[in-house]
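Engineer: Sequence:
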Amino acid sequence: MPFGAQIAEQGVRFRLWAPGCDRVALCVTAGQDERAFSMDSCGGGWFELITSHASAGTRYRFEVNGGLRVPDPASRFNPDDVHGASEVIDSADFDWQDAAWRGRPWKEAVVYELHVGTFSPEGTFTGVMERLDYLAKLGVTAIELMPVADFPGARNWGYDGVLPYAPDSRYGRPDDLKALIQAAHARGLMVLLDVVYNHFGPEGNYLHVYAKEFFTERHHTPWGAAINFDGPGSRDVREFFIHNALYWLHEYHLDGLRLDAVHAIVDNSKPHILTELAERVHASIGGKRRVHLILENDANAARYLERGSSAAPYVTPYLAPHAAPHVTQYVAQWNDDIHHALHVLTTGETDGYYTDYADEPIRHLGRCLAEGFAYQGEVSAYRGHAKRGETSARLPPQAFVSFLQCHDQVGNRAFGERIAHIAPAAAVRAAAAVYLLAPGIPMLFMGEEFAAKSPFQFFCDFSGELRAAVTQGRRREFARFARFADPAVQAAIPDPNEIQTFLASKLDWSSLKDAQAGWLAYYRNLLKLRREVIVPRLHGMGGRSAKFEVFAPEGLRVRWQLGDGSTLRLLANFSGKRIRADIPAGQAVFASSTEAGRGMLDPWSVVWTLET
Numbered sequence: 178m179p180f181g182a183q184i185a186e187q188g189v190r191f192r193l194w195a196p197g198c199d200r201v202a203l204c205v206t207a208g209q210d211e212r213a214f215s216m217d218s219c220g221g222g223w224f225e226l227i228t229s230h231a232s233a234g235t236r237y238r239f240e241v242n243g244g245l246r247v248p249d250p251a252s253r254f255n256p257d258d259v260h261g262a263s264e265v266i267d268s269a270d271f272d273w274q275d276a277a278w279r280g281r282p283w284k285e286a287v288v289y290e291l292h293v294g295t296f297s298p299e300g301t302f303t304g305v306m307e308r309l310d311y312l313a314k315l316g317v318t319a320i321e322l323m324p325v326a327d328f329p330g331a332r333n334w335g336y337d338g339v340l341p342y343a344p345d346s347r348y349g350r351p352d353d354l355k356a357l358i359q360a361a362h363a364r365g366l367m368v369l370l371d372v373v374y375n376h377f378g379p380e381g382n383y384l385h386v387y388a389k390e391f392f393t394e395r396h397h398t399p400w401g402a403a404i405n406f407d408g409p410g411s412r413d414v415r416e417f418f419i420h421n422a423l424y425w426l427h428e429y430h431l432d433g434l435r436l437d438a439v440h441a442i443v444d445n446s447k448p449h450i451l452t453e454l455a456e457r458v459h460a461s462i463g464g465k466r467r468v469h470l471i472l473e474n475d476a477n478a479a480r481y482l483e484r485g486s487s488a489a490p491y492v493t494p495y496l497a498p499h500a501a502p503h504v505t506q507y508v509a510q511w512n513d514d515i516h517h518a519l520h521v522l523t524t525g526e527t528d529g530y531y532t533d534y535a536d537e538p539i540r541h542l543g544r545c546l547a548e549g550f551a552y553q554g555e556v557s558a559y560r561g562h563a564k565r566g567e568t569s570a571r572l573p574p575q576a577f578v579s580f581l582q583c584h585d586q587v588g589n590r591a592f593g594e595r596i597a598h599i600a601p602a603a604a605v606r607a608a609a610a611v612y613l614l615a616p617g618i619p620m621l622f623m624g625e626e627f628a629a630k631s632p633f634q635f636f637c638d639f640s641g642e643l644r645a646a647v648t649q650g651r652r653r654e655f656a657r658f659a660r661f662a663d664p665a666v667q668a669a670i671p672d673p674n675e676i677q678t679f680l681a682s683k684l685d686w687s688s689l690k691d692a693q694a695g696w697l698a699y700y701r702n703l704l705k706l707r708r709e710v711i712v713p714r715l716h717g718m719g720g721r722s723a724k725f726e727v728f729a730p731e732g733l734r735v736r737w738q739l740g741d742g743s744t745l746r747l748l749a750n751f752s753g754k755r756i757r758a759d760i761p762a763g764q765a766v767f768a769s770s771t772e773a774g775r776g777m778l779d780p781w782s783v784v785w786t787l788e789t
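561 is the number that the working numbering gives to position 384 of the sequence shown; each next residue is one higher, with no gaps.
Since the hints were made in silico from the structure, they are not lab data. Treat the hints with caution; some may be incorrect.
What the hints assert, rightly or not - Ranges of calculated distance between the beta carbons of each label pair, as one might list FRET restraints:
(1) G234 / H562: 51 to 59 Å
(2) R721 / D270: 24 to 32 Å
(3) A694 / R395: 28 to 36 Å
(4) D270 / A762: 43 to 51 Å
(5) P713 / A603: 47 to 55 Å
(6) Y530 / L643: 54 to 62 Å
(7) E225 / H440: 48 to 56 Å
(8) G753 / N589: 41 to 49 Å
(9) R708 / G464: 20 to 28 Å
(10) D267 / R660: 48 to 56 Å
(11) H397 / E642: 28 to 36 Å
(12) P601 / R757: 17 to 25 Å
Stated by the list, open to error - As a list, the in silico PhoX-like pairs of lysine-lysine whose alpha-carbon atoms are at most 25 Å apart:
(13) K705 / K314
(14) K314 / K630
(15) K389 / K314
(16) K447 / K465
(17) K724 / K630
(18) K314 / K754
(19) K314 / K724
(20) K683 / K630
No experiment lies behind these values; they were computed from the predicted model shown. The beta-carbon is built from N, C-alpha and C at its ideal position, and this holds for glycine as well.
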């Protein structure tokens with residue numbers, strides 16, 4: 178890794194890219210003593226020093242611009258938060274025992290998104306590890322960690338990280354994260370990590386002081402100046418993020434990365450940073466194991482999800498080093514469209530971005546299930562009547578991650594309510610039966626499987642003027658909604674910076690009883706059916722393999738031809754009334770309607786059949 182601190186034969190090699198500095202010093206702390214060493218200029222804005230006065234565990238900072246002492250932007254660990262000193266980590270010290278692990282095929286993925294700080298009472302990597310047996314029994318095959326990169330303060334969703342190489346110390350040390358990943362592999366679970374390459378958080382980012390080339394005013398994002406991926410000095414910036422991806426996958430044995438909000442990454446150069454990153458990642462893995470790259474992309478850019486003739490991603494697959502090397506591809510994208518359609522159908526809410534799905538939510542759902550995106554170039558009223566999306570019917574269903582809840586869709590509500598608290602239970606169960614058994618890749622949000630009573634609210638722990646600005650900004654964000662027009666109602670919105678907002682968002686595992694236990698049994702049964710009936714038939718499934726029909730105002734039929742030639746059919750009623758419908762041909766896989774055999778569908782009912 179060209180960035181950061183690396184154990185070397187002569188001691189430790191320190192490197193910093195600081196094009197805005199004439200001189201840089203390394204400040205090393207040993208007990209109460211601190212020593213400063215002048216670093217050698219290597220040209221191109223790089224400074225380097227190899228010294229025997231440091232070893233694993235040494236605390237260090239860089240002195241830039243004549244006195245300001247800053248942490249290493251590629252710190253592997255910052256035990257005293259983002260403003261404190263970095264710690265030298267021996268990356269080869271962990272005793273890995275997962276040499277036999279080669280990952281899992283993407284078609285087997287059932288993803289479980291979780292936030293480390295609120296998933297367990299401990300709020301640590303170890304707390305997650307202690308519940309891996311529960312997750313394996315649930316039927317998930319991959320856990321996706323919300324970002325763990327070091328963020329300012331004691332609590333954060335993770336999208337305000339400023340040290341992207343350093344696991345946040347509140348969650349544990351680097352070895353604790355490695356132990357979690359190793360324990361997951363021992364149980365057959367993949368571990369995916371959410372990474373943020375579109376911005377740095379607003380507190381604790383010192384790059385603008387000594388490396389302004391990291392940012393550009395030519396492009397802008399919702400967080401201000403964009404990351405410089407295509408201007409002068411961008412080569413080193415691109416390498417910083419590419420090596421970050423390589424670092425997580427190699428040093429931590431992760432099974433994949435989910436790249437956050439890539440629609441906010443602006444790059445007019447060729448190859449695009451997303452293209453180059455994916456090519457470099459897959460070339461570095463070299464077919465030794467399966468690694469999956471996933472996107473969040475509000476632009477619905479289907480081109481990043483292209484497949485070859487075999488319906489597999491073009492990237493070099495596991496143990497096939499001679500596969501077509503000419504393209505980069507991402508295995509899947511989070512499909513907000515299917516969430517929004519399901520949300521409108523189950524809750525009736527049509528404000529905000531749900532406006533785009535209010536006209537015919539059942540048609541939007543059908544198109545998502547059969548073709549991937551609901552918006553494939555159509556005009557979006559919510560986005561100022563701009564066209565959104567690219568055609569996606571040519572892609573297989575496994576190129577899309579479907580969900581009923583995720584951190585965004587729960588936590589960006591004013592009070593963080595989960596779907597089970599704002600929609601009828603029957604509607605939620607019907608939606609779960611659809612997305613968990615459909616051929617696409619399903620994702621659960623932590624606690625969804627037992628209708629967790631705790632909310633998941635937006636929380637952070639900023640300091641100074643930023644703290645008050647975030648609190649007021651959060652409340653202004655909802656002022657445009659009619660129900661929050663009253664200032665008194667706005668004031669009731671939880672303060673993101675208050676610790677109680679964070680504590681209220683912790684999963685209440687003690688509630689997993691009585692009615693909640695019934696929810697858990699329901700989800701376990703659906704995932705068992707998926708594992709035994711659906712997944713074995715997905716291999717080789719291509720695009721244009723499905724058709725859908727809206728046969729009643731909230732009635733939907735969908736038919737898929739699976740990879741083994743069998744036909745999977747869905748019949749769904751997303752209304753509170755009984756409707757007439759013929760049961761599809763084939764063997765019953767799942768049916769929630771007691772009237773299905775008599776040509777009627779109960780309210781909020783789902784029927785799945787399979788014809789081999």
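Engineer: Does each hint hold? Answer for all of them.
Structural biologist: Comparing the hints with the structure gives:
Checking the proposed 51 to 59 Å range against G234 and H562 shows it holds: the Cβ atoms sit about 58 Å from each other. For R721 paired with D270, a C-beta distance near 50 Å fails the hint of 24 to 32 Å. Checked against the given bound of 28 to 36 Å, the beta carbons of A694 and R395, roughly 55 Å apart, lie outside it. A C-beta distance of roughly 59 Å is found between D270 and A762, which places it outside the suggested range of 43 to 51 Å.
Checked against the hint of 47 to 55 Å, the C-beta distance between P713 and A603 comes to roughly 30 Å, which is inconsistent with it. Taking 54 to 62 Å as the suggested C-beta distance range, the pair Y530 and L643 does not conform, at roughly 27 Å. In this structure the supplied range 48 to 56 Å is violated for E225 paired with H440, their Cβ-Cβ distance being about 36 Å. With their beta carbons about 27 Å apart, G753 and N589 fall outside the hinted range of 41 to 49 Å.
The beta-carbon spacing between R708 and G464, approximately 26 Å, falls within the hinted interval of 20 to 28 Å. The given range of 48 to 56 Å is respected by D267 and R660, whose C-beta atoms sit roughly 54 Å from each other. In this structure the supplied range 28 to 36 Å is violated for H397 paired with E642, their Cβ-Cβ distance being about 22 Å. Our hint of 17 to 25 Å for P601 and R757 holds, since their Cβ atoms are close to 22 Å apart.
For a cut-off of 25 Å, the pair hint linking K705 to K314 stands: about 10 Å separates their Cα positions. The suggested pairing of K314 with K630 holds, with an alpha-carbon distance near 21 Å, which does not exceed 25 Å. A threshold of 25 Å between alpha carbons decides the hint, and for K389 with K314 the separation of about 49 Å lies outside it, so the pair is violated. Under the criterion of a C-alpha separation no larger than 25 Å, the hint pairing K447 with K465 is inconsistent with the structure, at around 28 Å.
For the suggested pair K724 and K630, the alpha carbons sit about 37 Å apart, so the restraint of at most 25 Å is broken. Between K314 and K754, the direct Cα distance comes to roughly 35 Å. Violation of the 25 Å bound is thereby established for this hinted pair. With a C-alpha separation of about 33 Å, the suggested pair K314 and K724 falls outside the 25 Å cut-off, and the hint is violated. Only pairs whose Cα atoms come within 25 Å are accepted, and K683 paired with K630 is accepted, the gap being roughly 10 Å.
Hints 2, 3, 4, 5, 6, 7, 8, 11, 15, 16, 17, 18, 19 from the list above are not met by this structure, while the remaining hints are.
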